[in-house]
Amino acid sequence: MATSLEHGTGAPARASIKEKHLRTDRWWIQPLISVVVLVSFIIYATWRAFENAYYYTEPLISPFYSPCLAQSCVDGSSSILGQPIGAWWTISPALLILIFPLGFRMTCYYYRKTYYRSFWMSPPGCAVSEPHKSYSGETKFPLIGQNIHRYFFFAGLVFNVLLTIDAILAFKNADGQWGHMSVGTLVLLANATFLWMYSLSCHSCRHAVGGRLKHFSKHPFRYKMWTGVSRLNAHHAKFAWVSLFGVALADLYVRSVASGAITNLYFF
Amino acid sequence: MGYLAKLRVWRGDKSGGQLVDHSVEVSEGEVVLDIIHRLQATQAPDLAVRWNCKAGKCGSCAAEINGRPRLMCMTRMNTFAEDEEITVTPMRTFPVIKDLVTDVSFNYEKAREVPAFDPPKDLAPGEYRMAQVDVQRSQEFRKCIECFMCQNVCHVIRDHEDNKEAFSGPRFLMRIAELDMHPLDQTDRKNMAQEEHGLGMCNITKCCTEVCPEHIKITDNAIIPMKERVVDNKYDPLVWLGRTITRRKSD
Ligand code: SF4
Ligand code: SF4
Ligand code: FES
Ligand code: FES
Chain B
1 MATSLEHGTG APARASIKEK HLRTDRWWIQ PLISVVVLVS FIIYATWRAF ENAYYYTEPL
61 ISPFYSPCLA QSCVDGSSSI LGQPIGAWWT ISPALLILIF PLGFRMTCYY YRKTYYRSFW
121 MSPPGCAVSE PHKSYSGETK FPLIGQNIHR YFFFAGLVFN VLLTIDAILA FKNADGQWGH
181 MSVGTLVLLA NATFLWMYSL SCHSCRHAVG GRLKHFSKHP FRYKMWTGVS RLNAHHAKFA
241 WVSLFGVALA DLYVRSVASG AITNLYFF
Chain F
1 MGYLAKLRVW RGDKSGGQLV DHSVEVSEGE VVLDIIHRLQ ATQAPDLAVR WNCKAGKCGS
61 CAAEINGRPR LMCMTRMNTF AEDEEITVTP MRTFPVIKDL VTDVSFNYEK AREVPAFDPP
121 KDLAPGEYRM AQVDVQRSQE FRKCIECFMC QNVCHVIRDH EDNKEAFSGP RFLMRIAELD
181 MHPLDQTDRK NMAQEEHGLG MCNITKCCTE VCPEHIKITD NAIIPMKERV VDNKYDPLVW
241 LGRTITRRKS D
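Those sequence lines, one after another, are chains B and F.
Take the first sequence: its position 5, counting from 1, is numbered 5 in my numbering, and each next residue is one higher.
Take the second sequence: its position 236, counting from 1, is numbered 236 in my numbering, and each next residue is one higher.
It cannot be assumed that every hint is accurate.
Subject to a maximum C-alpha distance of 30 Å in a straight line, what follows is the list of computed DSS-like cross-link-like pairs (lysine-lysine) [claimed, not checked]:
hint : chain 1 : residue 1 : chain 2 : residue 2
1    : B       : Lys-218   : F       : Lys-217
2    : F       : Lys-143   : B       : Lys-238
3    : F       : Lys-121   : B       : Lys-18
4    : F       : Lys-98    : F       : Lys-54
5    : F       : Lys-54    : F       : Lys-6
6    : F       : Lys-98    : B       : Lys-218
7    : F       : Lys-164   : F       : Lys-14
8    : B       : Lys-20    : F       : Lys-121
9    : F       : Lys-98    : F       : Lys-164
10   : F       : Lys-234   : B       : Lys-20
11   : B       : Lys-238   : B       : Lys-214
12   : B       : Lys-18    : F       : Lys-143
13   : F       : Lys-54    : F       : Lys-121
14   : B       : Lys-113   : F       : Lys-6
15   : B       : Lys-172   : B       : Lys-140
16   : F       : Lys-143   : B       : Lys-218
17   : F       : Lys-98    : F       : Lys-121
18   : F       : Lys-14    : F       : Lys-121
19   : B       : Lys-214   : F       : Lys-54
20   : B       : Lys-133   : F       : Lys-57
21   : B       : Lys-140   : B       : Lys-214
22   : F       : Lys-14    : B       : Lys-113
23   : B       : Lys-224   : F       : Lys-143
24   : B       : Lys-20    : B       : Lys-113
Keep in mind the hints are simulated off the structure, nothing from the lab.
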């Protein structure tokens with residue numbers, strides 16, 4: 001008996017059913033799609049982060065390389081922060097900054113749900129037995145570290161400001177004159193907008209603006225903000241995916257222009 | 001309009017059991033519980049099934065239909081194809097008593113472990129005054145009908161019997177959140193949630209939210225906000241510093 005019921009639901013005194021689950025719907029599609037999309041993104045992002053080329057073409061900079069902080073950054077690619085890192089950093093400048101967006105997404109409550117389910121199969125689907133013998137959730141190292149999510153959230157806000165500045169700078173033309181607009185402008189604007197939606201709908205944001213209060217009535221302004229963030233928060237999963245695609249596509253666009261594969265079409 | 005549905009029902013008790021095939025008449029507008037009742041009336045008089053309201057409000061008829069936790073009285077037969085095999089089993093996280101009936105006392109034990117509402121000592125019942133916006137947030141959690149399907153689906157205990165002692169389950173983490181957000185409750189329940197009720201074991205995979213028949217956003221509105229409150233108390237040095245400097249007692 002015990003051998004056929006080794007999975008968790010086979011514990012003594014429970015209904016003895018040997019199947020790990022009896023679901024008949026295609027519960028595995030969602031985790032499968034998540035794995036495919038996330039693995040593709042990781043491969044693409046890793047390749048681009050190490051490529052160390054085609055990330056800037058006036059006035060467009062790839063979100064993977066902004067802010068560009070090293071002296072090795074191509075001319076014009078460093079915006080308001082300059083190049084504080086200096087010359088000793090000789091590998092790709094993207095590697096200086098990617099830890100922040102990476103950490104933000106890795107500790108995001110929504111991505112946690114997604115990768116716990118699809119990569120770690122804990123659980124693979126609701127009412128589908130997980131393959132692990134023991135489980136301690138987020139109580140121990142390293143997963144207890146998920147609790148620093150709010151710090152990544154605040155770092156993410158800094159990045160949003162910088163990427164918004166990049167989008168504004170994209171109202172220049174290739175000769176640095178203001179008052180122009182191209183497809184690239186729209187791409188960077190869309191990317192920045194999606195990132196703002198993603199960050200502002202974050203659970204830590206919801207907590208910080210008002211969720212931590214016990215008496216909304218004493219803080220009417222924060223209550224208003226909390227109501228707004230709560231409304232966005234309901235769509236956090238959607239923003240998580242849209243902004244992920246947004247970043248990859250914005251980078252791909254800049255790369256295509258910088259490498260000469262396409263030309264950046266100017267409206268005016 | 002009637003047809004014969006293919007039903008597979010788990011029959012047995014603690015000592016063992018199996019899925020038994022039946023073919024039962026279905027008429028228009030019926031729900032799974034109707035079919036179980038017809039099975040009981042016509043073919044299996046000793047079939048054990050718990051139910052009360054037949055209106056999705058008492059939570060008694062929780063079971064698993066085609067592997068998913070559902071209320072039998074709220075699962076319409078017309079959501080299945082006529083030739084589809086429909087499997088009905090008891091909830092698989094709790095000890096079985098007989099057939100579709102499980103022993104849910106785990107949940108009552110966990111309920112008792114949550115310290116009761118703790119109003120200010122100088123207020124008599126009847127003197128409670130609070131603003132609607134302050135109680136509004138936790139009112140969502142009061143919709144709970146205690147069907148315990150969230151407890152049943154939660155992999156923390158469903159797949160790991162040994163976690164039952166340390167983990168109270170989504171229903172009661174939500175109860176703790178409800179009280180922690182209550183404008184008049186005086187107890188600080190944050191560390192308690194983490195240390196005594198196993199909040200950290202939840203990995204926010206949201207199955208509880210998926211199965212809740214009252215559509216309570218258990219994970220987003222109770223568990224994650226509670227996790228954030230725990231971070232304030234236990235893990236965030238800046239919040240601690242801010243509190244120490246300003247000596248703010250309550251928000
Ligand atoms: S979100 Fe947490 S409490 Fe809810 S089912 Fe998943 S692990 Fe359990
Ligand atoms: S929270 Fe929802 S699923 Fe859980 S016991 Fe209450 S009504 Fe049932
Ligand atoms: S970014 Fe997803 S919860 Fe914070
Ligand atoms: S019988 Fe009451 S909820 Fe189904």
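* When the hints from earlier in the document are held up against this structure, which numbers fail? -> 3, 6, 8, 10, 12, 13, 14, 15, 17, 18, 19, 20 and 22
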